[in-house]
Structures are given as structure tokens and as C-alpha cells.
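Sequences listed follow chains X and S, in order. Numbering (my numbering) for the first sequence: 93 to 301. Numbering (my numbering) for the second sequence: 93 to 301.
Possibly wrong hints are sitting among the right ones.
Where chains are identical, the list cannot tell them apart; a pair therefore holds if satisfied intra-copy or between any two copies.
Unchecked claim - Subject to a maximum C-alpha distance of 16 Å in a straight line, what follows is the list of computed EDC-like cross-link-like pairs (lysine to aspartate or glutamate):
no. : residue 1 : residue 2
1   : 192       : 282
2   : 258       : 226
3   : 258       : 229
4   : 125       : 257
5   : 196       : 282
6   : 175       : 238
7   : 172       : 200
8   : 214       : 257
9   : 162       : 112
Derived from the structure by calculation, the hints contain no laboratory data. The model shown is predicted, which means the values in this text are computed figures rather than measured ones.
Protein chains: 2
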Amino acid sequence: MNRIPKPTIRRLAVYYRCLERLSEQGEESISSKRLAQMMHIKDSQVRKDLSYFGTFGRRGIGYNIQYLLKEIQRILGINKRWKVVIIGAGNIGQAIARFKQIEKHNFEIVGVFDVDVKKVGKKITDVLTISSMDDLEKFIAQNHAEIAVIATPAEVAQPVAERLEKSGIRGIICFAPVTLSCNVPVEYVDITVFFKTLVHSVVSQEYNI
Amino acid sequence: MNRIPKPTIRRLAVYYRCLERLSEQGEESISSKRLAQMMHIKDSQVRKDLSYFGTFGRRGIGYNIQYLLKEIQRILGINKRWKVVIIGAGNIGQAIARFKQIEKHNFEIVGVFDVDVKKVGKKITDVLTISSMDDLEKFIAQNHAEIAVIATPAEVAQPVAERLEKSGIRGIICFAPVTLSCNVPVEYVDITVFFKTLVHSVVSQEYNI
DNA sequence: ATAGTTTTGTGAAAAACTGAACTAAGGGGG
DNA sequence: CCCCCTTAGTTCAGTTTTTCACAAAACTAT
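Whole structure, please, built from the sequences with the hints as guidance.
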């Protein structure tokens, strides 16, 4: 199987989002052209992206929305429920824990952990209470959590990642501003990086006038 | 001036983060090789990225950390203080408003807005109180805010973006799961997309064994 | 049927990005 | 001073990703 571009995977997740929206609006099918317009990309990009995985459309017609949703679900691996633990109950950790959208997309937050003993026991939502870091490994094993969110300060992110990996976690979303060394896939989300790249676009636009 | 790759800009923000860390540790200079190792990329990539903007190092020696920090600051446009408004005081909006890292990086959150009249007047931090959407345009003009964070539900993101653009906002960070139509730069941060791309890596790893 | 229109899937070309290799500096030690 | 090691800047080749362009398929109307 030939390699699939990383940007293609990202776009697949965005196609999914568009298709959900269209589905809610009662639409039944869509063309690559319209889907591309929704995302401000080229229609050929949409078709190429999908063609990496098979043929899902019908010439002259377009794509059946429900069918394509199912297929993208399968391709991305979101056709099963994933259990997620969050490490670090600061601003970001708590926001993620409370973020409804994640639950809706087949991710279930099963635990939130913090080193701060004053935070342990505090309720985050109706069903989530902050646990102690001491219980991390046991909890992950007992609950079969496979995904972890690192929302700790940068200094402790690496050791935390190592504990997670040893406990059987299979993928990490890292909000800490560090590059981790570990053998499971990691997605980095450094919020400040988005701010910085944004202002670069803002200031460099000035010269293009 | 020839176009600069978007990935280069993103990496520049990450170089900055690494240099800050090194600076805190009392380091004075660094080689492209070590910087590359910190980020798990190739050293030639580091040199290539920097060379788009000038020559900042000394052969045989490396880069002076303080000098390179200043230069990247200038390149990215974070050598001035940017005023930021946040639209939507839900989970994400509030978390961003309270997020210390952003303030540290020369972004100042000056206002938080929500349509919910029950939220208006509520304190988010010592200095931030939720304002009414009715006051948005006047507030942006009076406070000279240039950056906005959209943390609203998807349905209202587009009209909000249009109001922001008309009010003089020059760049938008969009947490809402939509693609906006507007004439100012936008950075999209759809948290659920990160979860989805992550699990794709996780499941596709299974086959690569 | 047949012609016309729409739209997919795909191979090939173009563009964008990365990486290896080379050249030129810079410093240290004998 | 000369040799050797280190490391930045640059060039060019290789790889990846996007875009183009067109054949094939499917529907509509006549």
C-alpha cells in the first residue's frame, strides 16, 4: 500500500465535518465541486484524496453522503469508540474534559489526572473527577484507555509520555510546548504556535499590497 | 521576495519555543544540528528555513540564542504586543482567556464576548469580564484589537467573522468547525480533527508491523 | 436510441517542499 | 603557519503533494 499524504488525512477529517453538516441539512448527495467550494480547495483535490482509498462516488451524480460518512469513519478509524485519559487538569485539560464535541465524535473521556493533591477529587463534570497521578497506570489498564491528552507543563511532558507509553497508550495529543520522544503517534497542538503563525500572515500581508 | 513555505513559518514558531527553553537553561549558542535533534527534524531543514530570511549564524560556531530569538520575533511579527478579543465564552473561549502562555508571548486578551445575557458581566480572570456582543464593534475600535479568536458554535462563526472583519480585525483564530469566507488571514484549530488524524495514525500503524 | 451535460477517477505534469552534499568560514592545537 | 574539526549557507537532486486535463460513466431530454 502506497503512502498517503498527511494533508490528505487532515482533509479527510474536514470532509467528514462538512458531510455531517450536509447530512443534518437533509442533503443526500454531494459533488466534489460543492464539497471543494465549502472548504475553499480544488475539486480535483477532493477526488484525489478519496481515490487513495477506493471509489466512493458515481460519475455524473456525485457522492452519497451517508455512504461517504461511513467510509471516512472507517478510513480514519473513528468507527469504534476510543477511550481517552487527560493528564493535567489545568485550563486546557479541563476545557478538553468538558468539551462536548469530542464525546460526540466517538471519543470518551474516561479519566483526568493531576499531580496537585489539592485538585484530586474535584469534580469536572457530572461523571468526571480528577484522579491522582499515582493511579495512572492502574487506571489505564483497568479502563482500556488507548488515547491520552498531555495538558501538563512542558517540563513534565516527556516523563508523562513515557509512563503513558509503558501503560499501553497507543496515541497522544500533546498540548505541552515540547517535541516528545516516543514510539506512539503524537499530534501536537501548541496554541501559541497558531497565534504566532497567524500574526506572521498578518504582517507579511502588509507588504503584498 | 520569493514565497516562504507555510511549514517553514510553523517551524519558525517551534524554533522560537526551543530557543526560549535553551535560554532559560542558560545556554548562549546552539548549532543547527542540536536544534534539529530537539525537534526530530534534519539539520539542513533548520538552516534552510533560517536562510529564507537572512544569515543569522556563524560558521564553525552556531547561532547566538538571544540574537536568533530577536530575529525570529521580528520575522514572525511578535516583536509588538497584539491585542486579542475572544468571541464565545464557552469551554474553549474561557480556557484561552485564562491561558497564561498566550499573554507571555506578547498577546494581550483585552475582551471576551458572548451572546448569552446570563454570562455577560461574569468575571473570567481578575481583569476580564464577559461583555455583550452588542458592544463588539465599539470595543474593538476603542481598544485597537487586531486579532480575534472565534470560539462560538459553528452556525454563527461566519456572521461573527464578517462583523470582526468590518470592525478592523486583521487576523482570526477559528476554533469553530467551519471554513470561513473572509479576507483576513485565518488559522483553524479544530480540536476534533486532531483526535481523528491521531487515531488514523494509530490504526494504520497496525498494518505496518 | 442519441446527443448533450454532469461529474467521477486517474495518469501525467507542475509546484512545493525536503534532504543530501558541497563550499566556505571559523576556531583550536601542534 | 598548517592541519583538522566543526558548522553555517547554498545548490541541486529527490520526494511529496497539488493541479490539470481527459476518458469513462451516468443521467436527462428529445
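Discussion item. My question is about residue 172 and residue 200: at a cut-off of 16 Å on alpha-carbon distance, are they close within one copy, between copies, both, or neither?
Written reply: within (11 Å within a copy, 41 Å between copies)
Worksheet item: Under a CA distance limit of 16 Å, which applies to residue 258 and residue 229: within one copy, between copies, both, or neither?
Response: For residue 258 and residue 229, only the intra-copy Cα distance (8 Å) is at most 16 Å; the inter-copy one is 51 Å.
Worksheet item: What label fits residue 175 with residue 238 when the C-alpha limit is 16 Å: within, between, both, or neither?
Response: For residue 175 and residue 238, the Cα distance is within 16 Å only inside one copy (6 Å; across copies 39 Å).
Worksheet item: Should residue 192 paired with residue 282 be assigned to within, between, both, or neither, using CA atoms and 16 Å as the limit?
Response: So residue 192 and residue 282 pass the 16 Å test across copies only (13 Å; inside, 21 Å).
Item to complete: At 16 Å max between alpha carbons, let me know whether residue 258 reaches residue 226 within a copy, between copies, both or neither.
Response: Answer is within: at 14 Å inside a copy they meet the 16 Å cutoff, but 52 Å across does not.
Worksheet item: What label fits residue 196 with residue 282 when the C-alpha limit is 16 Å: within, between, both, or neither?
Response: between (23 Å within a copy, 14 Å between copies)
Worksheet entry | 16 Å Cα threshold - placement of residue 257 relative to residue 214 | neither (26 Å within a copy, 41 Å between copies)
Fill in: Copy assignment of residue 125 with residue 257, given that the CA separation must stay at most 16 Å
So residue 125 and residue 257 fail the 16 Å test inside a copy (42 Å) and across (27 Å) alike.
Item to complete: State whether the alpha carbon distance between residue 162 and residue 112 is at most 16 Å within one copy, between copies, both, or neither.
Response: Within one copy only: 11 Å inside a chain, 45 Å across chains, cut-off 16 Å.
Hints 4, 8, counting from the list given before, are not met by this structure.
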